[in-house]
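Visitor: As they're listed, the protein sequences go chains G and C.
Residue numbers are given in UniProt numbering: position 2 of the first sequence equals residue 2, and the series is strictly consecutive.
Residue numbers are given in UniProt numbering: position 213 of the second sequence equals residue 213, and the series is strictly consecutive.
Hints in this document: simulated from the structure, not taken from any laboratory.
Don't take each hint at face value.
Keeping only pairs whose Cα atoms sit at most 20 Å apart, straight-line, the calculated SDA-like set for lysine to any residue is [claimed, not checked]:
1. C:K234 - G:E301
2. G:K65 - C:K64
3. G:K119 - C:D125
4. C:K64 - G:I416
5. G:K119 - C:M26
6. G:K419 - C:R54
7. G:K65 - C:Q238
8. G:K119 - C:V20
9. C:K29 - G:I416
10. C:K64 - G:P413
11. G:K419 - C:F63
12. G:K65 - C:I25
13. C:K235 - G:L362
On the chain G side, residues computed to face chain C include the following (Cβ under 7 Å) [what the hints assert, rightly or not]:
14. V227
15. G332
16. M435
Every residue gets a Cβ at the ideal spot worked out from N, C-alpha and C, and that includes glycine.
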Amino acid sequence: MAKADYEIPELHEYVEVPELESGTMAHSAPYVAKPEFQEQLGYVGEVEDDWKEKALDAMGDMLGKYRGLQVFMDSCVKCGSCTDKCHYYLSTKDPLNMPVARQDLMRRVYRRYFTFAGKFFGKLGMPEFVGAKELEREDLDEWFSYYHQCSQCRRCSVFCPYGIDTAEITMAAREILARVGIGQKYSNEIIGKVYKIGNNLGLPGPALLDTLEGLEEDVEDETGVKVLYPLDVKGADILLVTPSADFFAEPHVDGLIGYGKVFHEAGVSWTLSTTASEAANFGMFIGSYENMRKISLRIREAALELGVKRIVFGECGHAWRVAYSFLNTLAGPFDFLDPDYPVPQHILEFTWNEIQKGTLNLDPSRNDDKTLTFHDSCNVARATRMGDEPGGQFTIPRNVIKSVCNNYVDMDPDTIYEKTFCCGGGGGLLTDDLMEIRIKGGMPRMTALNNVIEESGVTHMAAICAICKSQFTKILPYYGMEMDQIVSVHQLVSDALILSGQVDEDDEDTDEEAA
Amino acid sequence: MSVAYAILFYIALAIMVIGVARRVIMYAKAPAPLKIPTTPAPTTQTGVVMRMFREVVFFESLFKSTKWTWIFGWMFHMGLFAVLARHSRYFNSLMPAEIVGPLKYAAFAMIIGLVGLLIRRFAVDRVRYISSPSDFAMLFLLILIGVSGAMMTFVSHTDITMVTHFFHTLMWPFDGIGELPGDILVWVHLLLVASLMIIFPVSKLLHAPGVFFSPSRNQVDNPREQRHVSDWAKKLEQN
Chain G
1 MAKADYEIPE LHEYVEVPEL ESGTMAHSAP YVAKPEFQEQ LGYVGEVEDD WKEKALDAMG
61 DMLGKYRGLQ VFMDSCVKCG SCTDKCHYYL STKDPLNMPV ARQDLMRRVY RRYFTFAGKF
121 FGKLGMPEFV GAKELEREDL DEWFSYYHQC SQCRRCSVFC PYGIDTAEIT MAAREILARV
181 GIGQKYSNEI IGKVYKIGNN LGLPGPALLD TLEGLEEDVE DETGVKVLYP LDVKGADILL
241 VTPSADFFAE PHVDGLIGYG KVFHEAGVSW TLSTTASEAA NFGMFIGSYE NMRKISLRIR
301 EAALELGVKR IVFGECGHAW RVAYSFLNTL AGPFDFLDPD YPVPQHILEF TWNEIQKGTL
361 NLDPSRNDDK TLTFHDSCNV ARATRMGDEP GGQFTIPRNV IKSVCNNYVD MDPDTIYEKT
421 FCCGGGGGLL TDDLMEIRIK GGMPRMTALN NVIEESGVTH MAAICAICKS QFTKILPYYG
481 MEMDQIVSVH QLVSDALILS GQVDEDDEDT DEEAA
Chain C
1 MSVAYAILFY IALAIMVIGV ARRVIMYAKA PAPLKIPTTP APTTQTGVVM RMFREVVFFE
61 SLFKSTKWTW IFGWMFHMGL FAVLARHSRY FNSLMPAEIV GPLKYAAFAM IIGLVGLLIR
121 RFAVDRVRYI SSPSDFAMLF LLILIGVSGA MMTFVSHTDI TMVTHFFHTL MWPFDGIGEL
181 PGDILVWVHL LLVASLMIIF PVSKLLHAPG VFFSPSRNQV DNPREQRHVS DWAKKLEQN
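Let the hints inform the model, and build the full structure from the sequences given.
Guide: Structure follows, in structure tokens:
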């Protein structure tokens, strides 16, 4: 078991709603972005004397630009419905990790400066009567701490009678903080890398090419079939945009191998792009429409540059949210692409179509050494769709897994589908300086996983998000599990897929099936 | 004194109507630059109407969340609407007596719901933590309105003909304002109601119009089919 200088939550049969314990996570905060990384994104380098004016101006600006923020600020009645829904509250007991309390860090300032009640009682010297508060410098530090203990997973918004979405408030708060000069190092540096090099990991074109050639060799060694992993091929049918972790991280890369095999068997031409060698869009995490748009435009640029007909996204949660929900708005119209296909498409939509058409020769018994469960990634579950029907984001991944694995078990119904628990590392928290909140935040998901491991003999959990995969790889050992128990869905597809002309140890089996 | 109350009600009504209208116009005008429905979401406008209907009539999301809050909240709101419907008889007589009569028992649903919500606010440490004094004050105000009203129906009847006459004259004041009965319950009840109307547009009561404008509930899930560019975002495209 890995070591840490803080308490790792113990797993019990149920996640109990804890009693409040103030301040348990008050010390948690990410590193602040250096001035150069702030300025690169169009923000002021550091906090200046007029911070208060800047913060209130920024808040006013955001309220005028986002109806959601304005309505959410006004509508909360403090019913408490969300209070026991956040994985960070359940695992840390810190009252400020209850969604409504997190929202109120901003709402009380909103009420003081933007509502009649707050102004009136503020002048009387008792703003707290109506839940309002003067903005002080320390408040911004508290914001920086607690708005980086929210993974923007939207679980609270499912249960709110007014649909108040803390993710929207967290995004706005981070944008206000960045405009005051308190940006988050992790997200801002990564966005800088995307602008400079093209992806979050800072992998330049030649390194990508090298990696992809390596994959081609590996697959050929293993199967005897030359599957192409093309980069920057003009005139290809499909542009694949995938998180850069897919190029080398485990288990991500096994997913990328799977995408290539599926494309190969489907007989379509496809390509990756150095211009858009990243599906992730951290502009969303920091709540910046402008940065989110700029990052999205790279995909449009790549599609035009390569003259593709379709855009397909690889396995990534928030990337799919930006792609599915925002790409058309931010970087459209995509009238130059083939109108017969949705723009963009998810790789799972593509694969499920191929499975239904029968173009893939699948042998699920090749995954018989595993019993699978599936982790619904928060952004995919609550902010996107796959296929034509609402809820396709739940059924399509499961359909694909069940087509390639014989043993599948769902986790506790209160922890899947729209009620899924975040992995604990989403929303711009996947950084070592937030390790404690990440480990703790994973507790509700780890509890549900542990239960199916004990009760149903589950051996592996499949995921469709680069952040989930990295986060679980890191935190599973803290909970007494193995890091390789997390797998990519397309890794399962890859393992069950028998390529046309494939020669391997299971040769005899495949011959029998063919006969 | 009745004239003072008449003026109070005109002011309260003006503040409530104008205040809420201004808020609603602001919500309607504020751009929603991105599609953010909480999914799974309906893919058609009809579906969205159905979702909103379930939300405002059955409190669907709250039902998923916590049954106690749902039971008390739903009892209170439905009781309140029934009581309001019954009050229409003080303004016109369109509601048939067979319907209006039994509606008086709705006051109990309203009061029980409110008391339940109040107990919850005290008793559950999480809810107590997030409550401001105004959250308690609001519940007390509503409970007092409910109790004072129910007392007039069930304990100490007031001269309802005089009350009705008073409100009729408010609707057409040019022939003079009617007198309210000299009954303390009436005066307290009406004062509290006027207060509630006045704080409506500056308080969390804005959740009532707000829910209809909540993008996570009122948007159609069709971002791949339709672009959704707001006016301020269009300016970015021109650069």
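Visitor: Are the hints correct? Go through all of them and say.
Guide: Hint check:
A threshold of 20 Å between alpha carbons decides the hint, and for K234 of chain C with E301 of chain G the separation of about 19 Å falls inside it, so the pair holds. Distance restraint check for K65 of chain G and K64 of chain C: the Cα-Cα separation of roughly 31 Å exceeds the 20 Å cut-off, and the hinted pair is therefore not satisfied. Distance restraint check for K119 of chain G and D125 of chain C: the Cα-Cα separation of roughly 29 Å exceeds the 20 Å cut-off, and the hinted pair is therefore not satisfied. As the CA atoms of K64 of chain C and I416 of chain G are separated by approximately 14 Å, the hinted pair is consistent with the 20 Å bound.
Between K119 of chain G and M26 of chain C the alpha-carbon distance is near 19 Å, which keeps this suggested pair within the 20 Å criterion. Only pairs whose Cα atoms come within 20 Å are accepted, and K419 of chain G paired with R54 of chain C is accepted, the gap being roughly 19 Å. Straight-line distance between C-alpha atoms of K65 of chain G and Q238 of chain C comes to about 18 Å, which keeps the hinted pair within the 20 Å bound. Of the supplied pair hints, the one linking K119 of chain G and V20 of chain C holds, its CA atoms being roughly 18 Å apart against a limit of 20 Å.
Under the criterion of a C-alpha separation no larger than 20 Å, the hint pairing K29 of chain C with I416 of chain G is inconsistent with the structure, at around 36 Å. As the CA atoms of K64 of chain C and P413 of chain G are separated by approximately 13 Å, the hinted pair is consistent with the 20 Å bound. Taken as a hint, the K419 of chain G and F63 of chain C pair is honoured in the structure, with Cα atoms around 14 Å apart against an allowance of 20 Å. Of the pairs offered as hints, the one joining K65 of chain G and I25 of chain C holds, with about 14 Å between alpha carbons and a cut-off of 20 Å not exceeded.
Using a Cα cut-off of 20 Å, the hinted pair K235 of chain C and L362 of chain G is violated, with the two alpha carbons roughly 50 Å apart. A distance limit of 7 Å between C-beta atoms decides the matter here; for V227 of chain G the minimum to chain C is near 29 Å, and the interface restraint is violated. Against a cut-off of 7 Å between C-beta atoms, the interface hint on G332 of chain G holds, since the closest Cβ of chain C lies about 5 Å away. For M435 of chain G, the interface hint is violated, the least distance from its beta-carbon to any beta-carbon of chain C being 27 Å, above 7 Å.
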